[in-house]
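Asks: Spelled out from the first residue to the last, the chains are:
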Amino acid sequence: MSYISKPKVAHPGIPRNKLGLTVRDYEGVISTLCAGCGHDSVTAAIVQAVFELNVEPHMLAKMSGIGCSSKTPAYFVSQSHGFNSVHGRMPSVTTGANAANRKLTYIGVSGDGDSLSIGAGQFVHAIRRNLNMCYIIENNGVYGLTKGQFSASADIGSKPKKGLPNQQEPIDPVSTALSLGATYIARSFSGDKEQLVPLIQGALSHDGFALVDVISPCVTFNDHEGSTKSYAHTREFYHHVVDADYIAPAEEIKTQYDKGAAMPVELHDGSKIILRKIDDEYDPTSRAAAFKYLRERFNAGEIITGLLYIDDSRKEMHDLMGNIDTPLAQYPLEKLHPGKAELKKILARYR
Amino acid sequence: MKPTDTSNPEYFHKVVDCQWACPAHTDVPEYIRLIAQGRFSDAYIENRKSNVFPGILGRVCDRPCEPACRRGRVEERPVAICRLKRVASDHRGDITDRLPKPAEKSNGKKVALIGAGCASLTVANDLAPLGYDITIFEALDTTGGLMRTNIPQFRLPPEVLDEEIGYILDLGVDLKLNHRIESMKELLDENYDAVFVGTGAPKGKNLEIPGRYDSDNIHIGIDWLESVAFEHVDSIGENVLIIGVGNTAMDCCRTSLRLGAKSVKVMARKPRGFFKASDWELEDAEEENVDIVVNHSPKEFVIEDGKLVGMTFELMEYNIDENGRIDRGTVIGEETFPCDDVILAIGQDNAFPWIERDIGIEFNEWDCPVVDEQTMMCSHDGIFFGGDSAFGPKNIIWAVAHGHEAAISIHKYCYDEDLTDRLPVGINLSSQKMGMHEWSYSNDYDPSARRLMPHVDLKERFKKLDIEVELGFTPEQTLQEVERCLNCDIQTVFAAKLCIECDACIDICPVNCLTITANGDEADLRTRLSAPAQNLEQALYVSEDLPQTGRVMVKDEDLCVHCGLCAERCPTGAWDMQKSTVLIPYAQDEAADDQTREAPAA
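Protein chains in written order, with our numbering: chain A, 3 to 353; chain B, 3 to 604.
Watch out, some of these pointers could steer you wrong.
Stated by the list, open to error - Here are the computed lysine-lysine pairs in the DSSO-like style, where the Cα-Cα straight-line distance is at most 27 Å: (1) K396/B <-> K51/B; (2) K195/A <-> K4/B; (3) K164/A <-> K499/B; (4) K4/B <-> K51/B; (5) K10/A <-> K51/B; (6) K10/A <-> K112/B; (7) K347/A <-> K337/A; (8) K499/B <-> K435/B; (9) K581/B <-> K195/A; (10) K396/B <-> K10/A; (11) K161/A <-> K499/B.
Unchecked claim - Among chain A residues calculated to face chain B with C-beta under 10 Å, some are: (12) Y5; (13) A12; (14) I32; (15) T178.
As the list claims (entries may be wrong) - Computed footprint of chain B on chain A; a stretch qualifies when at least three of its residues, placed anywhere within it, have a C-beta under 8 Å from a C-beta of chain B: (16) 39-47; (17) 189-200.
Treat the hints as calculated values from the structure; they're not laboratory data. Every residue gets a Cβ at the ideal spot worked out from N, C-alpha and C, and that includes glycine.
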């Protein structure tokens, strides 16, 4: 943390988005995480992504649970809605918020502890419901806030700062989400914003549950030799498999793509994601193939990154349930409330 | 690009824009911090080390530091550096025991200084404490040269001049007033070990147009100002035209107003933006209701019955190209302005009628001596020049810088040393880290706007010629203004081998100066940074290859506000905030006993 806040002074040539805002307008309070924490880079990536997407701050809701990761929402878009919930309960609070107002853009920031241990049940059911949100896991393999015990995502053989290496199977959020039928699954690295920013933009624009698992090293408790979630280890073993370029609605595609490798996917809001396959064999639209590939590469010790699976055809929660478009807060009370007489009839059915 | 060589003192010196721009390299951020701590005497002494006349320069310096100030690039207006210098001078305590001391014994070397202006006085300041017998020859009956005769008292009170010049004369300098040197040849016959010429550029330019010599009411600006200073002139007509729009013109028009003029017009040949006067001097003149008339080129004086009644001008029109260059203009008309007096303030020339042309001093095509820019020596061994007399009219701070260099040369000359083998400029770096998030300097960015100098009331100030218009900053203004300084001498120093490329510094930098990227040539790199680096005058700081990816850290020095957040957010201490102190050698360093120097590389 720092004693002074980030000065409001900015580069005189700083660009403005369509709303006339600068990237600085999407910042939050200064981070109180450890200096060098990967989470701060994820924050910077989120800020960049929502700035470029022209998100109106008051139309953004940022949700979190407990943990280092869950402090993140304080550090971006100060003028948006936010809910810092109980440990592991971010998905159900987001479900509730989203049920009441589907017009907001939901971004949940969680960690490997918050999502894969105490909140594992919540996490899997949010996927099952295809809740329309961008779900970011800042994945560092340890509980930083309680001094660095291994979390459920720690790899076998990964060494702690003190004590014995981890012996338990890790839970991989990407494979988990794939098996549960999540419709947008990506993995990236906090130290690679070029890859991470468009993945977050795609996730925010995707209609349905979008998971972005970000390897985000814990600089204090898990950045030493022998750790499999350190900056150095991640850089050594990570591979881009499918990169994604986000193209806003009605924006021209400016880059020249090789025909074989580039796959454009159109999202519901008219934006496009251009998938650029680095490995030709990989098929990001086949769950079975993706699963096989990921397990093989995982066993070889590789960290596979990119937009690993996408299916934009499935309905999100509201459409599955046939809900109305209007946020409940804007819906007339007389329609929202059935009236005393009607309520009595309903209650009578249960007597 | 190759990794930046930060061991070259020039690199970090350049980052301190104000200090780099100052000809005398005054350590501006250091003295501003001293003022912030209320250490006014220390701030005064810090100034005096390099610029010798803080009280004088705090009022009338040409301030090359201010246009260079980084604050002027980050927002609109630079730090009021010059005003703060005056604060140090105004509020200092008794500093007499901290001034250079007279030499305990003579070194037997005799040096003659011609002219008692700022250049000569600087030479005396540097050499007298080393034991030199200094004689200053001055044509007038007072010291200070153009500082006293050409700068009006309402801008620079005589007491300030007397005090600071007194500090130097007290070193045991032999001052010969009313002693005009009429012949260099004769002076050389007196067997001085070295001679320094600091005679300024004492000849005001003339305007040879019809009617010029038909009236006594047409004056040469600097001569007229001198007459006013010596009280030979105490009035002027009601309607006055000033020809020229430089700083002398500003002094002439404001002086006229104090001698009884009712209407003063400054006649400019070119449009605004092409004036020679400093912005602040223009502002001060216009505050006093001086009318500045643009695009009027002098044609002739109108004389009726032997009396000046007006002046005719050609009305000009100019084209300005896209590079901002102005053409010679075309005449589109003519206009006559009635007037009682005209003052010509169109520039100054050097004049050396007293230097014989056959004694081995080479003169160039403009009839100025050929002077070496480093050693300040002319083609005759042992004769040195400085100030306006060296390279034409500049300003006080340049004269001081010349004086320091000439003093070094004179010392080396007197001791038979090679004049070009001078002590190099050095630099010290020291970390300013005090704790986890604590720095020894005020690192937060203060968004306050530049404070404005309070002035004496417009009615009050014209009552007497010597009422100083500028009142100096109040303590409150000082407190706010010092916080505007960005501490550019607290350098961001990077150790590539410690970097883990976590991006923390890049994410926190408020002005996007940092980037980690693949190396490339400079032109290419400048386009690929977090924010394009378009100010080519400001360096890119490029690191060694980073250990994990082989990329490089690039810092664009242009807009860094030196807030230290990169260093605070760095988990490994790869960034550190280190104060750079530029070590400028003076004559006393050259003379020091323990001076050892490395042999030059073969």
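Asks: Looking at the structure, which of the earlier hints fail to hold?
Replies: Violated hints: 4, 5, 6, 9, 10 and 15; rest satisfied.
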